[in-house]
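Residue numbers (our numbering), protein chains in the order written: chain A, 1 to 386; chain B, 1 to 251; chain C, 1 to 446; chain D, 1 to 342.
Treat each hint with caution, since some may be false.
Said to hold, decoys possible - The following residues of chain A were derived to be distant from chain C, with all beta-carbon distances above 12 angstroms:
| # | residue |
| --- | --- |
| 1 | 109 |
| 2 | 149 |
| 3 | 320 |
| 4 | 340 |
Stated by the list, open to error - Below, a sample of chain D positions facing chain A; criterion: calculated Cβ distance under 10 angstroms:
| # | residue |
| --- | --- |
| 5 | 85 |
| 6 | 128 |
| 7 | 129 |
| 8 | 303 |
| 9 | 321 |
Keep in mind that the hints were calculated from the coordinates and are not lab data.
Even glycine gets a Cβ: it sits at the ideal position worked out from N, Cα and C.
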Amino acid sequence: MRFMGMNKQDWILFIGFSVVTLLGPIIFSPIGAGYPDLLQKFAIYGIFALGFNILFGLTGYLSFGHAAFLGVGSYTAVWTFKLLSMNPIPAIIFATIIGGLFSAAIGFISLRRTGIYFSILTLAFAQMSYNLAYSVLTPITNGETGLQLTQDDPRALDVALGRDYGAVLPSSDLFGIDMTGYPGFYFCGVMLIICFFISLRIFRSPFGMMLRAVKSNQNRMNYTGLNTRPYALTAFIISGMYAGLAGGLLAVTDPLAGAERMQWTASGEVVLMTILGGAGTLLGPVIGAGVIKYFENIFSAFNDNILEQAFSFLPETLQHIMVQVSSLFVGEGWHLTLGALFMLIVIFLPGGLMEGMRRIRNLFVSKPPGGTGSGGSADTPVQNPA
Amino acid sequence: MSILNIVDLNKSFGGLRALSNVNLSIDKASVHAIIGPNGAGKSTLLNCFVGRLEPDTGSVTFDGKSLLGIKPHEINQLGVSRVFQTPEIFGDLTVLDNVMIPGFARRDGAFRINAWNPVRRKGPIAEKAMAMLKDVDLDDKADQIAGQLSRGDKRRLELAMCVVQDPKLLLLDEPTAGMSRADTNKTIELMQTIAKRGVTMVVIEHDMHVVFSLAHKISVLAQGTVIAEDLPEKIKGDPRVQEAYLGGAHL
Amino acid sequence: MSKFTINRRSLLKGTAAVGVGLATPTIFSSKSWAAGYTNEPKGGTVTFGFNVPQTGAYADEGADELRAYELAVEHINGGGDGGMLNTFSSKALKGDGVNGKKVVFVTGDTQTKSDAARASAKRMIEKDGAVMITGGSSSGVAIAVQGLCQDAGVIFMAGLTHSNDTTGKDKRANGFRHFFNTEMSGAALAPVLKNAFGTDRTAYHLTADYTWGWSQEGSIKKYTEQLGWKTAAAVRTPLGAGDFSQYITPVLNSGADVLVLNHYGRDMVNSLTAAVQFGLRDKQVNGKDFAIVVPLYSRLMAQGAGENVKGIFGSTNWHWSLQDEGSKAFVKSFGQKYGFPPSQAAHTCYCQALLYADACQRAGTFMPSGVGAALEGFKFDGLGNGPTEYRAEDHQCFKDVLVVKGKENPTSKFDVLEVVEVTPRSQVEYPASMLGGELGPYNNGG
Amino acid sequence: MDAILLQILNGLDKGGAYALIALGLTIIFGTLGVVNFAHGALFMLGAFCAVSIKAVLGLEKVTLDPTQTTAWGTPLEIRQPYVEAWFGDLGATLLEYSVPVSILIAIPVMLLIGIIMERGLIRYFYKRPHAEQILVTFGLAIVLQEIVKSIFGANPIPQPAPDSMQGMVDFGAFLGHEAGNVVYPIWRMTYFLFSLGVIGLVFAFLQFTTFGMVVRAGMADRETVGLLGIDIDRRFTIVFGIAAIVAGLAGVMYTPILSPDYHMGMDFLVLSFVVVVVGGMGSLGGAVLAGFMLGILQSFASMNEVKEIIPGIDQIIIYLIAVVILLVRPRGLMGRKGVMEG
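So here's chain A without its partners, still in its complex pose (with noise of 0.2 angstroms):
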């Protein structure tokens, strides 16, 4: 019934997480999602996403500055390339480090507020962040161009190891598999399905029963005994980690840091991906966070042209008039259709995408009668929703 502490369903659901990520390739070609530059998006901002959620999702503190962690975590892992090794490992390591430490100093401060106040305070933080990369840290982040590789850098580990990587600009690689194309996304995609098991063990462990619990009534909480604060701040750095990591292997399938990635719009985004998903549930944010990549990857590519094609079974008049109309909704106006999405998510369906899949599933599945009292219950985790 259970393994490593974890009931059967839980274990599906895991197993069925991982085949889909690490059958993605074949799973989202037909869609036009299956090249792995779009499918190491997902894999790195679904990790973005899934640990923005436990700090919204559960705790429900809103942060409007969890970019900054993401670009802190680029930053780190190029400057890791370019002083130690070009071998991952080290860079993802270090970038999970730092994150989680730039999330420690800012939630330190911004967790003494709450509500409105505590998410200005963050985007505060990030914006600060982002505007100093951009100038004045130009020595460290180069500036708007973003910091790159170098052939000259120094690379001290892979010196001593002996590693030369001749004439040509190294790119990352892992014990020799480099890590751009497919082999980048199995990399972040065994990253991802790490990061979402660990999110689940929290999901479902007495610290995640904790910081719901933060989100549902702080007071009580106080009286209860516990101390929100730190609740609270470790689930702040965990998701600053999160993010971190995912900054860092942006960097590792393409050793390129912008500062960019640390503005307020980026921020805006996960919190976009996280309540587009289902705040609060699993898998939400990574659902979220793959339809907004495909969006802003796929939508924005179609053109007239393709338009014209998909729509040539139509007489030309219709046909025209077809393309007219389609063509405010993608390609250049592909974020007219991301807004109006996100509207009618919110109105229709404020569980997010997560909340669609339940209210079709329960179309199709009859309640079993009686809820949770019959067999084999006992052995159900308290109430979560997947």
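Once you have looked at the hints, place chains B, C and D on chain A.
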């Protein structure tokens, strides 16, 4: 042998004197009721025990330790639990979760990252929580979301959340306010069982039926001072109390 | 109850097996391995990737770039009136595509962000099989995408990018730039400024606080100080500052008599609007007329500044009012298709598409090293800028630079700039070693 | 000294814009409890009211002259604005004063937009969590700006002030400084005075009318006011409309200072939230105070003397102030306890 000692407690809000020179001593394993008309300072007094308000002068000692200047969660960890006038529960969580959280708080202290092993329905904390829910007749609603319970159920749930911690001192702020007579009686029974386990209780209550069925000792607060403190039967006849309480009418 | 047995080791093994099993076929079928170079076109078509800003502040410029690319593809494939193909000095392209293959294209949105631009370029390379990426409206993006193309083994034909770094510090073998740079702007502007304002001037710089801005500020300072001008101050302004008035007020009593606005796009529109509003255009300082200079002009953006551009000097890569045969052919072809004249961004992008196609045709391959060799040192004419050379040492085009001035009496809303002087190529040339950087070897991918 | 005086003036017109946007935002917070991320879009719509009105006034009669062609081969167009053709000099003046004229037209238009927005969308979100309010209004903001982009393009559109208001005032001379040292553009002074006027009107409206009294009571305690049997719904709609008007007017008048483009609302969004929070959620006075304070501090931080001491300070000053104020004063300058803390 007293567990809670309050000495010369004073608290003013602006010019208003809410508490003046309050002295109280609560015996271990007793039920001590504090009664008094509205605005007498009962809730202010309670808030001074649990770190919600800081008194101007005076001392509050529990089990030999001062309760002043420390945070609510630290006071709770010393063994003081509190039931609020309007139920404070975790509305988004299930009823069972609500009762398990205090269990974890008792086992793990104010903060512990226990993030790897899942919460299970087996094991001492869950079993104790279920037993507690049975005591308050909520065991069949264990999987409901607590926020959807009726008001009376919420109050009993909050009581369960406090009792499951095995507190040394339980503070109750009008535990039966707004309850039906039947519910009130059930609650009285429940509190009597708890009292029998040796839990010290301080009850603020308006309902004299509740007070006299539970209290071993009663203090009467009026205009911020204790005007009487005695056994229930003596308080009943005390003219000062009747004067303060009902302007002379008999209880 | 079923027994749920699975142990960690077998789980990992299984997962890994699935991963490898999946990866193998896709890796071999996708790119490289079997081919000689990345995305070698196998069928009857060859794919170009047009990566332009479609959202954000440069969306209009991006849209104009895209129009130019569509026009170029049409002309390369033999459609339309042939545009500048008729005036182009190289006659390799016959209007039947490139190397016998019809040109098709894919588009993407850079959002004027390095990350988004690279993601979009990667999609074109990994999914759509693009053999060349071109476009863009900012130097940061150009450098980021250029680096990516170098790694992936495709050619990058830069769009509008003006920073020295693109073909200087950050140059790459696979990258080529037709557009001019800040160094050339400085060299071209200096003599004109000397004629207009004399040699006894004090300049005050407002500079967008990022690499392009610094590059621009450095070049203008260098050349004006050679003239004998003094620099009162060089103040960095945040990108997208909106209202620039707080940076303009200190200019008023600074003693400077020239204001140099090292801004582009919206920042240029806003800072210029504020400067004019504070009366700087009509001000007298030290007995001289105060002057404003905008080193890099864009006609599209000048429209946004409206009447404020009148009489203000700057430089530009190309302008539709030029009267050479190439420019006339391009303006006619573009204007008849879209109803308005092309911008300099459209021009440079059109040229880049043509130059790339021509080089492929001459090289007889799309392999980057072959195409690069055909472009290196390539001398051509008839594309609107006079005799031009793609310098082999840094892959930078050298050609005449236009010095322009905001027109006092425009005849239409497109007619906002007038050409003051065409600075000959010889005056704006500099040694390739001056800007540093290493091209490195070509990368053919594969 | 003159430099400082100039930066104070500068901060005042900037602050005027911040205060106007923040005022509307905080009214919506205070009364409706809605976090309106579409407020920047209202500012942008106001600016585009001015653009549209100028476009309508500037509609041109196009005559084709087949004898001449443009450089791109189409017949030369001879254009004359209809208003000039019809009304002569009056028409020319109208075109000249299109920005002030826009104010009159922007008021009903923005009211209408506000009412449609509130009735059509916002009212369904009064009781929903803040995160959902943010998402839906953010989505709305994107939709609005993309629609504007598809009509007007992405480039800034110049919107000059009338000729008579394009000069400078010698402010220093009033104060006995040397003439010509402290001069300030007339339009910016006008903007500052205009913002004061609008702020004054809003305060007077809330202070001296019964409607305003109900709204203020609603800000203090919504539930109780609802219990009094007052039709609070209809009033909320109007409140939203007023906030839209204030944002719109701020936008109309700002166009000669900043050529409007579709993205300007987003640029002001973050800033206006910072202003509101620094002032204290739901506090009208706080919003105005914080608006002017941040405007002036931003101007000071941009001075070369300051930037030499702390490089980059002008890039972060607003956020730095926000952090400091929120740490020292938990609810901003004038915020009340319990508002938006959940």
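Hint check:
Separation of residue 109(A) from chain C is adequate, the least Cβ-Cβ distance of about 24 angstroms exceeding the 12 angstroms criterion. At roughly 9 angstroms, the least C-beta separation between residue 149(A) and chain C is not larger than 12 angstroms, which violates its mark as non-interface. The beta carbon of residue 320(A) is kept farther than 12 angstroms from every beta carbon of chain C, the shortest such distance being approximately 17 angstroms. The Cβ of residue 340(A) lies farther than 12 angstroms from every Cβ of chain C, with a closest approach of about 15 angstroms, so its non-interface assignment holds.
A least Cβ separation of about 33 angstroms between residue 85(D) and chain A goes past the 10 angstroms threshold, and the interface hint is therefore violated. This hint holds: residue 128(D) has a C-beta 7 angstroms from the nearest C-beta of chain A, less than the 10 angstroms allowed. Restraint check, residue 129(D) versus chain A: the minimum CB separation of about 8 angstroms is within 10 angstroms; hint holds. Interface restraint check: residue 303(D) against chain A, minimum CB-CB distance 17 angstroms, threshold 10 angstroms, status violated.
For residue 321(D), the shortest C-beta to C-beta distance to chain A is roughly 9 angstroms, which falls under 10 angstroms, so the interface hint holds.
In summary, the structure is inconsistent with hints 2, 5 and 8 from the numbered list given earlier, while agreeing with the others.
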